[in-house]
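With chain W held as given, fit chain V onto it using these hints.
If you read the protein sequences in the order shown, they are chains W and V. For my numbering, add 94 to where a residue sits in the first sequence, where the first one is 1. For my numbering, add 1 to where a residue sits in the second sequence, where the first one is 1.
Don't take every hint at face value.
[Stated by the list, open to error] Using C-beta positions, here's what the derived DEER-type ranges look like:
hint : chain 1 : residue 1 : chain 2 : residue 2 : range
1    : W       : Ser-835   : V       : Gln-134   : 25 to 33 Å
2    : W       : Asp-507   : V       : Gly-169   : 30 to 38 Å
3    : V       : Thr-207   : W       : Pro-789   : 24 to 32 Å
4    : V       : Met-186   : W       : His-443   : 20 to 28 Å
5    : V       : Pro-150   : W       : Pro-789   : 53 to 61 Å
6    : W       : Asp-432   : V       : Gln-134   : 50 to 58 Å
7    : W       : Arg-399   : V       : Ala-202   : 49 to 57 Å
Rather than coming from a laboratory, the hints here were simulated on the basis of the structure. Since this is a predicted model, take the numbers as computed values, not measurements. For each residue, glycine too, the CB sits at the ideal point set by N, CA and C.
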Amino acid sequence: MSSYPAPSDAPSAEVDADVLAQIALSRDEYERACDMLGRAPSDVELGMIGALWSEHCGYKHSRPLFHHFPTDDERILTKLGDENAGAIDIGDGWVAVMKIESHNHPSAIEPYEGAATGVGGIVRDIFAMGAQPIALLDSLRFGPLEDRRNRRLCVGVVAGIGGYGNCLGIPTVGGELVIGDAYGGNPLVNAMCLGIAPRGSLISATAGPPGTQLMIVGADTGRDGLHGATFASVELDESSAERRPAVQVGNPFLEKSLMDACVGLVREHRDWLEGLQDCGAAGITSSTVEMAERANAGIRIQTQRVPRRESGMTPYEVMLSESQERMIAAVKPAHVSDVEDWFEHWDLHAEVIGEVTDDGIARVFDGELEVAAAPVSLLTGAPAYTPDAERDAEAAARSDWDPGSLPDLDPADASEALLKLLASPNIASKRWVYRQYDHMVGTNTVVVPGSDAAVLRIRGIEQGLAVCTDGPGRAVELDPYAGSARAVAEAARNVACTGARPIAVTDCLNFANPERASIYYQLSESIRGMGDACRAFGTPVVSGNASLYNESEDGPVTPTPVVGMLGIISDVTKAVRMAFQDEGDEIWLLGGSLEQDVSTLGGGEYLAVLHGKSAGPIAIDLDAEAALVDVLVELAESGLLKSAHDCSDGGLAVAIAESAIAGEIGAQAEAAVSGRLDATLFGEAGARAIVSAGPTSGSDLVETAARLGAVAVRLGSVGGDRLKIGEVDLPLQDAADAWNSSLPNLLDG
Amino acid sequence: MRFAVLVFPGTWSDWDCVHALEDVGQTAERVWHKDGSLEEYDGVILPGGFSYGDHLRCGAIARFSPVMSALERFSVTGKPIFGSCNGFQILCEAGLLPGVLQRNASLQFRCQPQELTVERVDTGFTNGCRSGQIVQLPISHGEGQYLAPPSVLDELEDAGRVVFRYAGENPNGSLRDIAGIINPMGNVLGMMPHPERASDALLGGTDGNYIWQSIIERWG
Chain W
95 MSSYPAPSDA PSAEVDADVL AQIALSRDEY ERACDMLGRA PSDVELGMIG ALWSEHCGYK
155 HSRPLFHHFP TDDERILTKL GDENAGAIDI GDGWVAVMKI ESHNHPSAIE PYEGAATGVG
215 GIVRDIFAMG AQPIALLDSL RFGPLEDRRN RRLCVGVVAG IGGYGNCLGI PTVGGELVIG
275 DAYGGNPLVN AMCLGIAPRG SLISATAGPP GTQLMIVGAD TGRDGLHGAT FASVELDESS
335 AERRPAVQVG NPFLEKSLMD ACVGLVREHR DWLEGLQDCG AAGITSSTVE MAERANAGIR
395 IQTQRVPRRE SGMTPYEVML SESQERMIAA VKPAHVSDVE DWFEHWDLHA EVIGEVTDDG
455 IARVFDGELE VAAAPVSLLT GAPAYTPDAE RDAEAAARSD WDPGSLPDLD PADASEALLK
515 LLASPNIASK RWVYRQYDHM VGTNTVVVPG SDAAVLRIRG IEQGLAVCTD GPGRAVELDP
575 YAGSARAVAE AARNVACTGA RPIAVTDCLN FANPERASIY YQLSESIRGM GDACRAFGTP
635 VVSGNASLYN ESEDGPVTPT PVVGMLGIIS DVTKAVRMAF QDEGDEIWLL GGSLEQDVST
695 LGGGEYLAVL HGKSAGPIAI DLDAEAALVD VLVELAESGL LKSAHDCSDG GLAVAIAESA
755 IAGEIGAQAE AAVSGRLDAT LFGEAGARAI VSAGPTSGSD LVETAARLGA VAVRLGSVGG
815 DRLKIGEVDL PLQDAADAWN SSLPNLLDG
Chain V
2 MRFAVLVFPG TWSDWDCVHA LEDVGQTAER VWHKDGSLEE YDGVILPGGF SYGDHLRCGA
62 IARFSPVMSA LERFSVTGKP IFGSCNGFQI LCEAGLLPGV LQRNASLQFR CQPQELTVER
122 VDTGFTNGCR SGQIVQLPIS HGEGQYLAPP SVLDELEDAG RVVFRYAGEN PNGSLRDIAG
182 IINPMGNVLG MMPHPERASD ALLGGTDGNY IWQSIIERWG
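Isolated chain W, as found in the complex:
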C-alpha cells in the first residue's frame, strides 16, 4: 500500500473517542482515512478530514441516491454538485442561478444569528458564481407557537433573516412558515437565493492551473463557527447550547460590499481570475480543497498569511474556522495587485494565502512547519453509505387509516370549520413575516409575497421569473414517495398559477438521522418521489443541500424535503395573482372535479386542525398535475385569467376564501354534494386550482382546459361582501379577520 509522507514535525492526532466525536468521524472512517493515507493523520489533517467527510460537506448518505434525480436538459448549464449553485439558461442572453440551503442547527441554538448567517451563506453561493443575487426565499418550520420557546425561535429567526437580508438590498420575496409538533426541538430554516447573470459571464469555483494564487478577501478569520459542518451533522441534545461557538456571527454590511465587489470583478475583469469560491461550511479547508479537486490540482496554504481577528489561533483553527463573509479568489499571478486594488475600492482587504500546485496534495503550513499534507482526492473522497431502509410501522399504520371512519362535517358547522382553518398558522396570512422583509428593493418584484409564487422581472427582456418553495412534511411522513412528489407538484402548481412554466428545481432535504432504517427509508423514497415528479414536469434538479441528523430530545423532525421551484413567464406583464378582482367575474375550478373522495382528507390541514390527526393516505397523479400546469400557463399567456390560486392546504374552500380575502371582494360558489361534505370543501386532492375569469371568457377557458386534458367546472361568481361556498356562508370580513389576525395574535404577545 502506498503511503503519503507525513507532514514534517506535525504531531499525529490523538484519536480517542472524544476527538472523533468532536469531528463526528466514526472509528471505521478514521481507519479508512489511515488506510488511504498509509499512516495516522496529523492533527490538522484529521480536522480537515472530519470536516470534509461530515454529512454536511460529504453527502455520505444522500449522494448515492441522487441518481434518481433528472439533472439535465438543454437549458441547464451546470452539472449537479459541481458548482456552488445551479445555472439555467432563461433565454435572451440571461442565466438564472439558484440554490437552497439549510441553517437548522445554528438557528436552533441562536435563532437570530443562525438564520442571518444562513442568508449570508446562500447569497455567497450565488455571487461566488459571478451572478447578481435578485431574490431570497425562506422556508421555515417551528414547533407549536403556543409554546414560548417556539415563539422565541420564530421571532428570532424572522428578525435574523430580515436583519441580514434587508441590509444586503436583496428582496426576500417568498417562502413558507409551517408549524408542526415535531419541529419543536429542531426548527428548520432553509434559505434560497436566486441570481441572474448575462450568459457567458459565470465563473467556476475552480483553482486553476499550478501557480495560480489563492487570495482570501472579506472578513478576518476568528474562532467562530469552529466545527460548524460537524455540528450540522450530529443530532441536537442538551449539550448543544454549549456548541454556541459553532454558531457564526454575521456582518451583512461587509457581505454587501463583498457582493458588490465580487459581482463587479467577475463582470468587468473575469480574465484576472481562474475561479471564485465562498468560504462556507468547513471554511478555508473545504473552499480551497474543493477548488483544487475541480482543477485536478494540489494546493499549498500558508496559515500565517490569513488575516485574523483573534490572536493565538492555531493552524487547525484557521483552517476550520467558519467566520462569515469570506471568499477565496483564484487569481492569475500577473493580476494579484489588480485584484488587491479592486477590493480596496470597497475598503476590502485581499491577501494571498496560498497557491495551486501540481502534486495533488493539500499542504498546509504554519510558517516553516508543514502541518498537513494529504491528497486532495482523499479529502474529497468521503465514504458513501446505503444503509438498510425500512418503513416505520407506526407511520405506515397511520397512512393506512381511513378518514371515512370519521363522521362527516355537519353542514351547520361548515362556516366555523372554515374560520378555524383560516386561522391555522399554516394557512393564515404570512404578512406578519414578510412585512419584516424588504421584498421590494431592486424594483423588480412584480408579484409580491402573498400570492402562490413571487414574480420578478428582468429589466430589458420580456420574460419574468416566478419562484416559490414548498415542503409538505406531514404528507412526506405519511408517504415519503407520494408526499415528496407532491412537494414538487405543489411547487410547480404555484409557479404555474402566476402563469410561469416550471423549469428547474433546487431542493433541501431535511431529515433525521439516516443511520436508522426508518429515516433512510424516508430519505430514499423521498428522493425517488421527487425525481419522478421532476421528470413529469420537465424540471431538472440543479442544486441542493442535504440536512440530516435533524433531531433532538423530542425525537426526529418530520421529514421535510423543501422544493425551490423556478419558472419562466413568457411575458412578465401578464403575471397572474391570487386575488379576485372584479364583481361579476366567474370562479372556475380547474383540473379536477368538485366532489372529492373522503381519502383526499388524508394528511391534510382539516384533519390536523379539526380532529388533531395526522393520518390517512397520500395520493399523487403526476399526469393530472402536469396537465393542470399546461392549462394554467396557456390560460395566463392568453390573458384569460384574472386570478389563480392552487388548492392545497385546506382544499377548495380555503383557496376560494384566500382569493376573496386578498381581493377584498366576496364570492358565491356552488358546492352541492351528494357525498362527503368535508372532503369536498377541505379535501386536498392535487392537480386543482381556483381561477377567475371575465364573464365572457368561459367558453375559451373550457376549450383550453379540455384540449390539454383537464376539467373546468364553473363554481360561481365574484362579488358582494359575503363568502358563500356551498354550505359555508359568512361575512367576508369574518374570514379576513380570522386569516389576518392569527399570526400577529400568536407572535406579537
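Just chain V now, with coordinates in the frame of chain W:
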C-alpha cells in the same frame, strides 16, 4: 436634468433611483462617496440602504464621507437634494435637516405600501400634487421613527416644512405622523418612503412620479 445618485458602502436603492429617473427621461449617474465633486450636477439623490451597516447609528458614519462636504456646498446653491430612507437619515445626521430617526416603535422592520398625505404642494418636490392628496409610496425601514424636540416640531409646522405625513396607521411611531420634511430654503427634502418603488405601473404604482415630475418642473 442630470442627477447624481450618491452611493455609500451599504447603499442599495441607488440603481432603483437611477432607473426611476431614467424612466422619466432624466440622466442619472451613480457617484461613489469617495469621488466627491457634485458641481456638474443639477440635483442630488441620497438613496436608501444601510450605509456602513447602520453601525453606530443610521447615517452617522456616512456623514463623515468625503462627498458630504461637497453636498453641503451643493445645498447652498439652491439646487435640489432629495433623500429617501437612509438618505433622509443621513441628511438629518449631517444637519441639513433637523431631527433624528430612531428604531420603529414596533421594534420591527416594516416593508409595506403606505398612504401619505401631501401637506404642502408649494414645494419644488410636490408642486405636481393636489393639496391634501393621498399618495401611495412604499416604506421599508427599521429606523424610521422621526423624533425632534417640541420646539423644533412647532417650528417645522409653523414654517410649513412638514411636507408628508403618514395617513392611516402610523407605521413607525413618528411624532406628529411626520414622514417627510424640507429645509427652510426649500431645496433639501428628506422622507422615509421610497418614491422610486412607486414609479412603474408594472410594480403596482406610479405616485412616486409626482415627486420626480415636480423636481423637473421646478428645477428642470
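A quick look at each hint next to the structure:
Between Ser-835/W and Gln-134/V the Cβ separation comes to about 31 Å, which falls inside the hinted range of 25 to 33 Å. Range check, Asp-507/W to Gly-169/V: about 36 Å between beta-carbon atoms, so the 30 to 38 Å window is met. Between Thr-207/V and Pro-789/W the beta carbons are some 29 Å apart, a value that agrees with the proposed interval 24 to 32 Å. Under the hint 20 to 28 Å, the C-beta atoms of Met-186/V and His-443/W, about 42 Å apart, miss the expected range.
Between Pro-150/V and Pro-789/W the beta carbon distance is about 60 Å. The supplied range of 53 to 61 Å therefore holds. With their beta carbons about 53 Å apart, Asp-432/W and Gln-134/V fall inside the hinted range of 50 to 58 Å. Restraint check, Arg-399/W to Ala-202/V: a C-beta distance of roughly 54 Å satisfies the suggested window 49 to 57 Å.
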